[in-house]
Structure formats: structure tokens, C-alpha cells
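K.L.:
So the sequence lines, in the order shown, correspond to chains A and B.
Going by our numbering, 106 is the number at position 106 of the first sequence; the sequence numbering is gapless.
Going by our numbering, 1477 is the number at position 477 of the second sequence; the sequence numbering is gapless.
Hints listed in this document are in silico derivations from the structure and should not be mistaken for laboratory results.
All values derive from a computational prediction rather than experimental measurement.
There may be inaccurate statements among the hints.
What the hints assert, rightly or not - Pairs of lysine-lysine residues, derived as DSS-like cross-links and limited to a Cα-Cα distance of at most 27 Å, are as follows:
1. B/Lys1145 / B/Lys1125
2. A/Lys6 / A/Lys185
3. A/Lys174 / B/Lys1338
4. B/Lys1133 / B/Lys1395
5. B/Lys1125 / B/Lys1010
6. A/Lys156 / B/Lys1114
7. A/Lys156 / B/Lys1338
8. A/Lys174 / B/Lys1404
9. B/Lys1082 / A/Lys156
10. B/Lys1314 / B/Lys1395
Take a look at the letters that make up each chain.
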Amino acid sequence: MSRTAKICCLLVIGLWLLMALAPSVLAPGDPLAINPTQAFAKPGLAHFFGTDESGRDIYTRVIHGAGDSLAIGLAATALGMGLAIVLGTIAALSPRWLDEIILRILEALYAIPSLLMALLIIAFTGPGVGPAIVAVGLSTAPGYARLVRSQIRSLKNSEMLEAATVLGRGTWRKSRNHLIPNALKPLLALVTLGIGQAVIWAAALSFLGLGTPPPAPEWGAMLSAGRTYLHLAWWMSLFPGLAIVSVAVSATLIGRALGGKVKSL
Amino acid sequence: MSEQTLITVKDLSVSFDGTPAVKNISFTVQAGKVLALVGESGSGKSVTARSLLGLSGGTVTASTLDICGHDARSLSDRAWQKIRGNTLSLILQDALMALDPLRPVGREINDGLKEHTALKSAERKQRVLEVLKSVRMPEPDVRAKQRSTELSGGMRQRALIAQALVGNPQVVIADEATTALDSQLTALVLSQLRALKQQGRGILMISHDLAQVAHLADDIAVMRHGEFVESGPTQQILEHPQHDYTRKLLRAVPSSVPRFTALSDLGAEETTSPARKIQDSEQHSPALSVKDLSKSFGKHLAVSSVSFELPRGKTLGIVGESGSGKTTTARMVLGLEKPDSGTVELLGERFAPSTASQRQNLREQMGAIYQNPLGSFDPRYTVGQLLTDALSRGKSKRASEYRKPVTQLLEQVELSADLLARNPRELSGGQRQRLAIARALAPEPSVLVLDEPVSALDVSIQATVLDLLDRIQLETGTSYLFISHDLSVIEHMSDTVAVMHQGKLIEHGDTASIFGSPQREYTQKLLSAMPRLR
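Construct the entire structure; sequences and hints are all you get.
P.N.:
Listed below in C-alpha cells is the structure:
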């Protein structure tokens, strides 16, 4: 990775972290404060991104929404990855028949489009932030699990592990020192890519009214609210939309850069 | 006819982005003669060969570069295409890599004719069969329809040579065409090249091993750092080498060199009186005792009832062609593969079959060295971390606690302590193998299993690693189970030799008696194919 690319990545991550952890630094106002006299104000100096139908400042809401959106993305990816590591590792290390069973289940889950599966899960649990996290997390798990399994499989039969066996290392030491770190390293890039994807899905669920309930400043929900007024207040949809796109794009770029780095190692 | 000059090269230089790879070399290739370029990897010999084909990829300058009447300094891409395959062709090293696995070999060979001749389809087929016959391919009409992956190693090698010959070239370049092949295949390729020479073609052979070219070459040019250090008739180079580097290469050839005689300058001190450090009390029981080991994979019987003993402080060499069951035997000895039947005893105790926990205490008594050391290192570890990990039994990779023993290990394998913070990927092939040896020595094992430990190394680097192994055996009394397809390495390194063929151990005895008076027909055949200098 070039030096400039590294700095850019760090800057972007820093900016997102700042928005998520201390949104008031960038936008001191209250994201929920309504001001009917200022409804549908165009973007300008008073309101950078304009206001919505209740006169809430879009800029403030987009900044404050970062926390929720990123948290859902991170939590969902963590859930999906955690599940995948457990399932994938069990499949890779277990006897053939158990491996086959787990694989078939994963394949069946894989065959259902992820968003559809998320909808299915929410149909059981009802809408909300928690269910959205679970839904997105569960629907990404099968893909990751297959990857973890194949990683561990190929490492398990590698000369590196054989050499460790010959040196007298037990199963626990081999897994801890060689198997797990080497299997997870290439996944790091994938996880970063996954976060971007999870943010999009979380937003999509909220857009459908199945994630964060309004009036909380969640990007997908804001997008959904803006849809009704698209012809007279385009800014209501544009800026939350841009926020989603920018997270997804920067997560993808960082993921790619990490991926390139892992490969070059 | 025989004195006809096919290629004349004067003052050839090749550089890559300003870095010279070949500097001002001159030579000629004559009809019915063999010129061999010999040198280590990186000496510029392959670049030289490729610049004759217009494939060097660098900047080529020469005062004369005449290829069968064409001035190759100013050829267009189209003109080069006409020369390649037609006038001049290349036999590559690895038949499996060089042939397309998805196409029948007959079609691969046919391609050359399509490109260069106006022959009709039926005539081309006829010619393909002819050329396959000329390289003595068994059942050429059947083989032509098969893919390279369906052919045996020997047939694949024949197909590769047929591909190079189909355009009836006047000059054939063989670039390490025998390297890493087992002795039977090497003999096959050499006999094919000899046939080409008798047909009056010119041959340019490229190798890092003087022994490989000694019997075929009329002239030898020794290359180093892009220059010829010495060139002349083969006899003169082999018997009266003028340059130190030539002498070094000659000395590095291990065949017929007695045990513990240094092959390189580094090991020169220990040449006299091999006083081995073995306690008398232990001398009776063998370090390793293998009884009736068998293993089959599905219907294929890989190893069948193999028994041998490895005395303490000695080396047992296991030699055989690829696929003879050597590696499977090694894996069973190491406890990596469960034998179908038979036992392995290490220092008088049962090692296999056994469970991991039962053999836990014995584990450290046996180490392993592989052909490709890099694959056996965790890619995240530096040199220092690898050795610390080995010394601390996987409990730590912080270098500070183990600095002293780590440095000692590095000294033992003649590696500089400057390498501690480096990643093994940055090391040369020889350095990597030294590091692998250092790591294997960390738990102070009684037995080392070495599976083709020097097969990926140039002869001159191989010599330094073999000398190192000799020295370590003298110092520590470690026993070696030394596996190789290379007879000359086995001859130099072993006290006793076991010959494997189709999963069976067919002959077993002192190195001198096996190499001096082999009893079995197969062993005799194997030995007659062995390239020798002396």
C-alpha cells in the first residue's frame, strides 16, 4: 500500500470514528429538535444539508446517524463472523460426515438471498435495531463460514502444520500459534468489505421500516422519510444516501488495500 | 557438414533497466556439437539462451548475433516467430508446466506445424506421429490423443522433446532440461539429446551441474556474474580447470566423493579423521528401527513391507524414482501418516503406530527437513521468531529471552546473526535450508529425516549444505534418514543405502557395495543412468 493511500485510509477511519463516538463535535445541535417554521429549508449556510418536513437539521441528523449505522454494521459483521468462525472451524476439523452435514446446511442457507433471509428473520422477531443486527449478521454468516472452513482446511494439511507436529507441538499450540492467526489474516480484508455491505443492508431494512424506527436519525430511515417528499425536498434523501455510499465505498477501498497487503505478504 | 557454424555470437550483452545481466560474451554453436553453459542460478545463462530466441525481455547488444544466417540484432517480431521452432527451438525444464494440461499432446505438437508450414492437416498428423516415433514414444498414435496429465513422466518428457523437434530445427536449446528429474528421466533426456547431436543438429545445453553435461558436451563455458570465467573443450575444463570458480563447481559434484570430504570451501576444516561423538553404551541399539511398514491409498499399494534400521550417528540413504514410496515411508516414520501395518521404533521405544500423547515425549527426538523449507515456516514469523518458537516449544516468540541459544543455533548452521529480524522469504534458497536445519536442531533430536533436502538447490549451494550436514553429524552424533532421487548425493552422504522401487525395498547394504556391485537388475539400471564426472 502506498503511503498516501495509508494516510487517506487512516483519515477516513478517524473521521467515521469521530462522527460515531462524538457527533456533537461536528454537529452541536440536537438531531431530534423540531422547528416547524423552518420545514423544508433548502441547503444553505443556516442548514448545510437543509431541513426535513418537521424542520429538523439534516446535517445534524446525518452526523448523529453515523453512530447507529456503523454500530449496526459492526455488530452485524461481528455476529456473522463469530458464527462463521465457530461453524467453519468445526466443519474443517471434524470428521467427514459432520463436515458434510455442516456444509449442506451452509449451502442451503447460501442459496437464499441474504436480504430475503433477513426479512424472514424479522418476520419472526418483529422490527427493531436488535433484530436488524441479528438478521444481517445471520444472513452473512454462511458465506464467511465457507471461507473460514476452506482456509483452515488448506492450512491443516500444510507443511507448516506438519513441521509444527514434528517439532512436538500439541493441537492447542498448533491452533493458537499457527492455524487461527494464519486463517484469520486474509479474512481481515473481507471483514472490512463486509462492514460496508452490512451498513447498506441495515439501511435497507430501516428503509423498509424494519430496522431503526423513526424519528431516530438512522440513514436508511431518513432515506425512507425523504422518499415521500422527493419532488420538493431532494436534499432529504440525497445526503443520507451519500453518507451510506461514502461508508460503503471507503470500507471497500480499505478492505481492498488490506487485501492487497495480505496478498503481498 | 560437421564443421558448419550455426550460431555465432560476439560480444553479447543483455541488461535489464541498465543493470547488466550478461556482459560481452562470445561463443559459437556448431552442427553436430554440444556447447554447455554452466553456472549458478543468476549467472546469466538462461538470459543468454533466451536472447538467442529473442525472448530475453531486456536490452540486447552484440557486435555479431548470427542465427543460421539471420542477423538477429534487427529482427521484427514476425521474423523471430519464423526462427523460433523452425530454425531454433527450446526444451524446457518442467514437462508438466510446459504442456497445456487441457489439450492432447498431439495437438500441442501439431500447433508448431500449423504456425510454420503449409502442410495439410493429414500431412501434419503424419509428421506428428513421425516425430513422436523418433523420440521413441510407445504407441504414438494412442499417446497423441492423450493429455499431458494422462501420460507418465517419461512419456511427458518425450512429448516435450517431440514438441521442440517437430519443426525440424537446426539448433536445440535445452534449458536445465534435466534438472530435478530423477535419474531415469535424466538418462532419457540425455539419450535424446545425444541422438539429436548424431543427427547433426547443434545443441546448447544449460545446467548448474557439471556432471550432467560432462558426457555430452563437446565444449563447456563456465559462467558467473554474466561473464564467461572459462571456456574450452570438455576434457580440458574437467581435467585442467584454470579458474578457481570452475574448480569450485567441479569439487561440488558429490558423486564418488567419500563421506565427510568437504565439497565446498566452507567445510574444509573437518576433512580429516571423522571422529564421531557417540557414547559407546548406546552404540548397540539402533536410533531408528522400522519393521514391515505398509501403506496403501485406496487400491494403490504405496509402501509394501519395508524394514530397515538406522544405527546411531550414521546415515541411511533411501533412493528411488519419484513415486517409489520414499516420501510415504518418511511420513510414516515421522508419525504423520498412519501405517496400515508394521512398526516404527525410535531409540528402542514404540513411535508408530501410537497416539499423539503416547509419543509426545519421543517427538522431540526426531526432526524433519523438507525440500521446500519456506512452506514449513509460519509466514508471519521472522528468522528470530522461528528459532525462538522452536527453542521455547511454542510458548514464546519474544527473541530477548532466547537470544543466546538462538545465536548459537545460527552459528551452528553458519548463518549471520544479522538475519534475525528478516523474514525467511527474503533469504536465498541455501540460507532458507540452513534455517530449516537450525530449527530442526533446536530440540536436539537424535534422528533427522531429510526428504529431498538439497533437490531444489544449485550444485554449488548443495555442496555447502551437504558439508554443513556432515559437520553437524560429526559434532552432535545425529542420525540421518536421507531421502533423495539423486544418486550422487546419496552416494556421498550415506553409510548404508536402501533402494526403493514400486513401494518395495529391493536392495539394502553398504554404500560401497550397493554402488560398487549392485545385485538387483533395477539397481544396476539406476546406477548406469547416473551422471558421473569421475
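K.L.:
Checking each numbered hint in turn, tell me which of them this model violates, lowest number first.
P.N.:
Result: hints 4, 5, 6, 9 and 10 break, sorted rising.
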